[in-house]
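*Asks:* Letter by letter, the chains look like this.
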Amino acid sequence: MLLMQPGMAFADNLIPDDLQNEIAYWIIVGMLLLFVVAMLVLLKTFKVLARVVLKSQGYTEEQIAAELAPAKKVKKPKAEVWNKLLSLRPLAEEKELLIAHDYDGIQELDNPIPAWFSYLFYATIIFAVGYILNYHVFHFGQLQYEEYSTEMAQADIAKKAYLSKAANRVDENTVKLDAEPGVVAAGQVIFKQNCVPCHGDHAQGVVGPNLTDEYWLHGGKINDVFKTIKYGVQAKGMPTWEKQLSPKQISDVANYIKSLHGTNPAGAKEAQGEKESDDDAKATKKA
Amino acid sequence: MQPEKFYYDNKIVRNFGIATVIWGIIGMTVGLIVAIQLYSPGMNMGNQYTTFGRIRPLHTNAVIFAFVGNAIFMGVYYSLQRLLKARMFSDLLSNIHFWGWQLIIVSAVITLPLGLTTSHEYAELEWPIDIAITVIWVVFGINMFGTIFKRRERHLYVAIWFYIATFVTIAVLHIVNSFELPVSAFKSYMVYAGVQDALVQWWYGHNAVAFFLTTPYLGMMYYFLPKMANRPIYSYKLSILHFWALIFIYIWAGPHHLLYTTLPGWAQSLGIAFSIMLIAPSWGGMINGLLTLRGAWDKVRDDVILKFMVVGLTAYGMATFEGPMLSLKQVNAIGHFTDWIIAHVHVGALGWNGFLTFAILYWLIPRIYKTQLYSKKMASFHFWIGTLGILFYAVPMYWAGFTQGLMLKEFTPEGILKYPNFLESTLRIIPMHVMRSVGGGFYLLGVIVMAYNLVRTAMQGKLVANEAAQAMALAPLPKAAKDGTWHRTLERKPIQLMIAALIVILIGTFVELMPTLTISSNIPTIAAVKPYTPLELQGRDLYIREGCSNCHSQTVRPFRSETERYGEYSKAGEFVYDHPFLWGSKRTGPDLAREGGKYGNAWHYNHLMDPRLMSPGSIMPNYDWLLTQTLDTTTTIAKINAMRKLGVPYAPGYERIANSDLDKQAKEIAANLYTDHIKIKNDKEVIAIIAYLQRLGTDIKANKTANK
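From first to last, the protein sequence lines are chains U and V.
Here the working numbering is used: the first residue of the first sequence is 1, the next is one more, and so on.
Here the working numbering is used: the first residue of the second sequence is 1, the next is one more, and so on.
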């Protein structure tokens, strides 16, 4: 009796989000550890390889040890291109650049400001000027409130387009009682995720009212329950759910609540509100 | 002419060095505790004095002002004397400075856990301590300038330009950000409210990073790096350019902490534009440092001190590139309020400030003790464990930041939030937080090893308390002496240099602060917004005391993902009575700007008692002491009077009936809780904080309710 509900859109990933996260976490841990291990292994491999290679060339143990010790000689600067790019003058010419003065032995060179540094600085200044012109003079770019209107308008269009195709346009006027086990099961999942802290795990009522008896504070018809969930009851602390649950989900959870009628859970909270004996409830029972 | 003999004061350097290490270990340990609290709330030890909201400010204050602060004074007192060829101006002032600063830190360690806080980030200390900081800072200034005046070196080296800029700018920042009206011995209200207060705070907060964590360290880099590498500074011209450009541009960038808030758009854009222009001047210091090592890279391989310097400079370069990128509003929209920012600041703090401090300690302690470092192996271990610590800290935090930032913005095709419950994103990143604390633990371990190594070094040597030196006295400047350039001339005129630096930093300050503080059209008022009731005001002060704003922001940004999640975006006019503003800078929990009316009083009561009752899995600590502690209403009159003085329109004489209003509202809430079978006396603190939470954002909230 496994009925996949189209409303359960959040389960459409092949790999659940939690698992994805778990995987990502271990990938990061693994990468960091691997990084450390790889560095150590590389170092070791290099030393071993060098030993083997040197030995094959007839080096003695002492010579090998000398070769593997940190090299004393400075490598010849082969980075002519690099120096040009950074507008560096060869180290040999450094003496000419020394400023004839020192502070506690610290000397300074009269090197020019590297050209690439100046270009970077100019580029950022041009960007900054352009930025201000863009947003405050020419108004090509949108400032935050305009940006917000655009975002909301686009979202509205996308949402309408989606809902016109999807068959879950349901509201407090069109919601129908539905005792289909799949619907009730979907509703139960949502209930467990969101409603338990206030209404209790069997809807017996905690901070919020008991939802299993015949007494309703804001109406017990499926339309009323849907409406209460959707908009909330601010004065009584019932949150608004329309921004958190889709209409289909609200309908599912409302139907789940209706299905609980008369279950008489343990520790039920005392009756609150008006007694209602609507036909909806009976229909649920029969189903 | 004979050279003059004199003695450098090494004892004061040693003292600041000891303080650096001790406070460093304490500050980082507190950091580790708060990091663990983020996945294991029980680490607050069931105790109000050690909850996250109260000791996270202790961590930040301890590492910034105690660890880095003492390190700055250590570096400045060592290098200043030598660069000027003179002993410090006055030993007495040096000692007052040292002990005064330690006393200020001790007072922070006492007051912050007690919940005595202004809630301004990195300026949490209450008004009497603010005054003490001002006094000690002036003592430092007199001592520094006194030394400069009796110098035996005509020109001031680049390091000293940075020290002077640090001194003068921190003075301006601290004073302006501490304009507060005392209510009692340890409670005050900020003079500015809402948006204005936010702008002043982030002008301060951003430039505390600039002028406490950056400029003094650049100055120290300019002294210690050439000493360590025995190489000349690469480019004097670059020093001049990047010094002036840095201090001029940095001061403008503060508003990038307030993007998408109600700060006027022009101020936000200025903050972004100047942040981008900051890349090159910031990098100037790194380039000059790294190119100074040119020809000395073979030394870097062998010398652990230079390794620390290179990683430190690289971390500085990364953080100062990332900062401007984060200030672009498109990036900021995702990164702000998340762990991304925590990662960013720690790359700077652990890499740049931490590693430079360690390098200087390893270099300087053996020298003033006339000995060798006790163990090079241990120092090398410290370097590697510290570097690993930074990696293990930063990488998971970046991942956590992206994850949460993106999760909170995701919608389903039906047009509703994919993760409507904020808690889902919190739980998702808990493994990252675990790993971050491991990284932090590595880093702390390295510091402890360093402490041992330095103690052993000191034990095997003997402190040269007064180090003999000699130099020629400064001859009067020959008339018509030409220095070559105007800057060379400025370098021998300390007062003019200070004034020039002051003018340079005041330009950005005035352009950004003045219009916002004085032109009313920048903050449109809203008629529906009324002052807080006395009970709400008291509740707000409890909210400040508990440091709620360390985890909960109070500003809804104009994004679909936020207006859907929290409600209508915040308006400038809503905050006009908020002395201080409580927007926060990090969302460890959800935004509370529109919390009022979202849940019932009973929900809040249960949630404060044990958050896991209402939000299973929540990492918020229990606030059960709010249920037992009685609200102090003796302060109500003083608070109403103070608020009125600050321009909050309470009717004349209202303070006399304020407490009866307070009782009335408290009784209503207690009665309402009673209907949910919660028996609580109406004089408990929890009642006040519920009153405040239920008020939040309700003044202009558009209520859409099924049943009225």
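Everything labelled a hint here was simulated from the structure, so no lab data went into it.
Among the clues, some could well be false.
As the list claims (entries may be wrong) - Result set (DSSO-like, lysine-lysine): computed pairs, CA atoms no more than 27 Å apart in a straight line: (1) V:409 <-> U:192; (2) V:645 <-> V:571; (3) V:150 <-> V:418; (4) V:571 <-> V:586; (5) U:47 <-> V:299; (6) V:586 <-> U:95; (7) V:418 <-> U:243.
Claimed, not checked - Have a look at the derived ranges for each label pair, beta carbon to beta carbon: (8) V:629 <-> U:264: 38 to 44 Å; (9) V:660 <-> U:134: 54 to 60 Å; (10) V:345 <-> U:31: 22 to 28 Å; (11) V:514 <-> U:142: 26 to 32 Å; (12) U:91 <-> V:484: 38 to 44 Å; (13) U:44 <-> V:375: 20 to 26 Å; (14) V:629 <-> U:272: 30 to 36 Å; (15) U:271 <-> V:638: 32 to 38 Å; (16) U:126 <-> V:149: 32 to 38 Å; (17) U:87 <-> V:149: 51 to 57 Å.
Even glycine gets a Cβ: it sits at the ideal position worked out from N, Cα and C.
*Asks:* For which of the previously enumerated hints does the structure constitute a violation, in increasing order of number?
*Replies:* Going through the list in order, the structure violates hints 3, 6, 12, 15, 16 and 17 and respects the others.
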